[in-house]
Amino acid sequence: MISGRLRSLIRTDRRRSLLNYPAIVSESSCSLPESLQDQFHIRVVPHSVNINGQEYVEGINITDADLRKLLHANTGKVTTSAVNPRLLAETFESILRQDRSVIFVGLPPRFSCTLQNAQIARQMCSRPEQIFIYDGKCIGINLGKLAMAASQLADSGRTPDFIISQLDLLRQRMVSALWSSDMSAIVNNGRANELLKRFASVISIHPVLTLTPDGAPQLIRLTRTLAQGIDALIDFIKARGMAPGEVLCIGHFESPAAAAQLAAKAREQLGTEQIVILEGGNLLYLHLGAGSLSVSI
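For the sequence shown, the numbering used here begins at 2 and goes up steadily by one.
It is possible that some hints are incorrect.
[Claimed, not checked] With a straight-line Cα cutoff of 16 Å, these simulated EDC-like cross-link-like pairs (lysine to aspartate or glutamate) come out:
| no. | residue 1 | residue 2 |
| --- | --- | --- |
| 1 | LYS266 | ASP215 |
| 2 | LYS70 | GLU255 |
| 3 | LYS78 | GLU56 |
| 4 | LYS239 | ASP183 |
| 5 | LYS70 | GLU280 |
| 6 | LYS78 | ASP236 |
| 7 | LYS70 | GLU56 |
| 8 | LYS266 | ASP236 |
| 9 | LYS239 | GLU280 |
Rather than coming from a laboratory, the hints here were simulated on the basis of the structure.
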């Protein structure tokens, strides 16, 4: 049921009552489109983005589409803030009022302090013992896959403790890799200095990164072209291997043609047939830049 087969998850019938099962909450870095959020009844709370001193929160003072336009046009300093504890507490409390427990699936601490804020929010609520905070130790669509798996298990009547134990097993099998097409995005969000930005632009560095099992970023390869980036991602998939029925998820950031090219190469070289292509969320877009790609299994 939680084997990571995203396609089977997406097709699952979502008929269920509103009561007597845990509600699943995640954060906007899970990269789930609204259609999947609605289908799996996952509440997604937004991070805030600061662009040249102006703070924006998706769905509160700016739409997702308008925020993407600002990120695309911006060349100044951009930073992100973890989800606000008060917003988390309001979300948790609204669920508790329905006599339901809460499972929050969040980013690992080395990427964000949202888990810490979730613990603060938990203590602000009327029944903190009914709120369970889970470290996803992953980013992007893999975080979203954990949230969807949790939702499916909740739908089947499983307890929060059982759901969390199964998420641990699922997480151990999941892997992901990211190819960044734009080093200036890393510079603009404060992850590198101006000297590195100039150096990277001259020699066209495009890093390929993965995450270790404990959620730490790890450099796989440095590339100079999209073709090399696609080859590096294909090599990553090949080295990991894919079991029968597993689904390859390809994420892209305003680069559907590149994602289609990667999918075609995966089918040609690896025989992969079960492929889902998704547009990446704004948080990863901010850190990786337009044109970037990701793969997850």
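These are the hints, each one checked on the structure:
1. Taken as a hint, the LYS266 and ASP215 pair is broken in the structure, with Cα atoms around 30 Å apart against an allowance of 16 Å.
2. For the hint pairing LYS70 with GLU255, the CA-to-CA distance comes to about 11 Å; that is within 16 Å, so the pair holds.
3. Annotation: proposed proximity of LYS78 to GLU56 holds, straight-line Cα distance about 12 Å (limit 16 Å).
4. For the hint pairing LYS239 with ASP183, the CA-to-CA distance comes to about 25 Å; that exceeds 16 Å, so the pair is violated.
5. Under the criterion of a C-alpha separation no larger than 16 Å, the hint pairing LYS70 with GLU280 is consistent with the structure, at around 15 Å.
6. With a C-alpha separation of about 34 Å, the suggested pairing of LYS78 with ASP236 is violated against the 16 Å cut-off.
7. Distance check on the hinted pair: LYS70 and GLU56 sit about 15 Å apart at the alpha-carbon level, within 16 Å; holds.
8. As the CA atoms of LYS266 and ASP236 are separated by approximately 11 Å, the hinted pair is consistent with the 16 Å bound.
9. For the hint pairing LYS239 with GLU280, the CA-to-CA distance comes to about 23 Å; that exceeds 16 Å, so the pair is violated.
Against the hints set out earlier in the document, violations occur for numbers 1, 4, 6 and 9.
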